[in-house]
Amino acid sequence: MSEHEEHSSHSQRFYISIGIGLLVLTATTVGAAFVNLGPFNPVIALLIATIKATLVVLFFMHVKGASEKLTGAVVASGFFFFAILISLSLADYLTRSWR
Amino acid sequence: MEHAAHNPALLHHFADAQQQKNAASLGMWLFLVTEIMFFGGMFCAYLVYRLAHFNAFAAASQQLSIGMGAFNTAVLIISSVTVVLAVKAAEAGRRKVLVGYLVVTVLLGMTFLVVKGFEYREKFERHHVPGPTFNFTDKFDDNGKQIPVNPKEAELFFSLYFAMTGMHALHMIIGCGLFSGLAVLAWKGHYTPGYFTPIENAGLYWHLVDIIWIYLFPLLYLISRHS
Numbered sequence: 073m074s075e076h077e078e079h080s081s082h083s084q085r086f087y088i089s090i091g092i093g094l095l096v097l098t099a100t101t102v103g104a105a106f107v108n109l110g111p112f113n114p115v116i117a118l119l120i121a122t123i124k125a126t127l128v129v130l131f132f133m134h135v136k137g138a139s140e141k142l143t144g145a146v147v148a149s150g151f152f153f154f155a156i157l158i159s160l161s162l163a164d165y166l167t168r169s170w171r
Numbered sequence: 004m005e006h007a008a009h010n011p012a013l014l015h016h017f018a019d020a021q022q023q024k025n026a027a028s029l030g031m032w033l034f035l036v037t038e039i040m041f042f043g044g045m046f047c048a049y050l051v052y053r054l055a056h057f058n059a060f061a062a063a064s065q066q067l068s069i070g071m072g073a074f075n076t077a078v079l080i081i082s083s084v085t086v087v088l089a090v091k092a093a094e095a096g097r098r099k100v101l102v103g104y105l106v107v108t109v110l111l112g113m114t115f116l117v118v119k120g121f122e123y124r125e126k127f128e129r130h131h132v133p134g135p136t137f138n139f140t141d142k143f144d145d146n147g148k149q150i151p152v153n154p155k156e157a158e159l160f161f162s163l164y165f166a167m168t169g170m171h172a173l174h175m176i177i178g179c180g181l182f183s184g185l186a187v188l189a190w191k192g193h194y195t196p197g198y199f200t201p202i203e204n205a206g207l208y209w210h211l212v213d214i215i216w217i218y219l220f221p222l223l224y225l226i227s228r229h230s
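These protein sequences, in sequence, are chains A and B.
Residue numbers for the first sequence follow our numbering, so the first one is 73 and each next one is one higher.
Residue numbers for the second sequence follow our numbering, so the first one is 4 and each next one is one higher.
Isolated chain A, as found in the complex (with noise of 0.2 Å):
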């Protein structure tokens, strides 16, 4: 089966290297969240989780470069499905003043 290339499998080095900046952003995230930056806290927390999650589903999950496209549409109805979840229920929650 050798014809074909399935999901473009990266150097061992690649991978390594990729290992190493997911930990470098975790030791960001830590160090941030003890430097007090009012409401942007939560923001640069979650955004460095963000860049971390996508590294991870990008290379280690081989969604970048996978031969099969549909994989890169089911991954994003997941996390499109997600953000509705999320933003239909603080649409609500947000909105109740009379509370």
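Among the clues, some could well be false.
Stated by the list, open to error - On the chain B side, residues computed to face chain A include the following (Cβ under 8 Å): (1) L29; (2) W32; (3) V36; (4) G43; (5) L54; (6) I69; (7) A73; (8) I80; (9) V87; (10) H210; (11) D213; (12) I214; (13) L225; (14) R228; (15) H229.
No lab work stands behind these hints: they were computed from the structure.
All of these numbers come straight from a predicted model, not from anything done at the bench.
Note that the Cβ used here is the ideal one computed from N, Cα and C, for glycine as well.
Using the hints, position chain B against chain A.
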């Protein structure tokens, strides 16, 4: 199976091994989407209650150990690297290297669970476990001024903490079992460069559990340090 003698792992309702692999991967991703929605419900509940009881959630969150949480985050990231290297070893047909990475992954998963166990023990000792013995004392700000905290609202934080980290830990236990089984099968030589789909799909599961922790760690431990 006689017409597929060149690859015994190829089922005859698939045109070729590549199609079979894509179908298995797609099915796994559909399962992972249901997992995102499952944890998504808890993330949503956490978000809504955090906004409703902001001060109590901040005070309760500050009781968690950032050191242990950060250590566990690092352990999970390293385990994700060993998983991806295991898949690579399977692809290259390096059986012993594959078994080695699978075993290291299980050991890292167990390390995570042991640290989590110490965290839970501390919660029991300090009566931070929701229930009749729950106790939460008011917090003090930097100037030593007492800020009253409604213990019922703090209990809600710890309920969500145990529900989310407990469900995540359950996924870790399942993952450790899964990878132990795969290590045995890999040792017996079940996987070849032509067929290692179970390793890949278990890897996808492990990475998703890692991603859930990547979000749990800042949300539970970090974002309320200065509130």
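Comparing the hints with the structure gives:
no. : hint : result
1   : L29  : holds, 6 Å
2   : W32  : holds, 5 Å
3   : V36  : holds, 4 Å
4   : G43  : holds, 5 Å
5   : L54  : holds, 7 Å
6   : I69  : holds, 6 Å
7   : A73  : holds, 5 Å
8   : I80  : holds, 5 Å
9   : V87  : holds, 5 Å
10  : H210 : holds, 5 Å
11  : D213 : holds, 6 Å
12  : I214 : holds, 5 Å
13  : L225 : holds, 4 Å
14  : R228 : holds, 5 Å
15  : H229 : holds, 4 Å
Taken one by one, the earlier hints all hold for this structure without exception.
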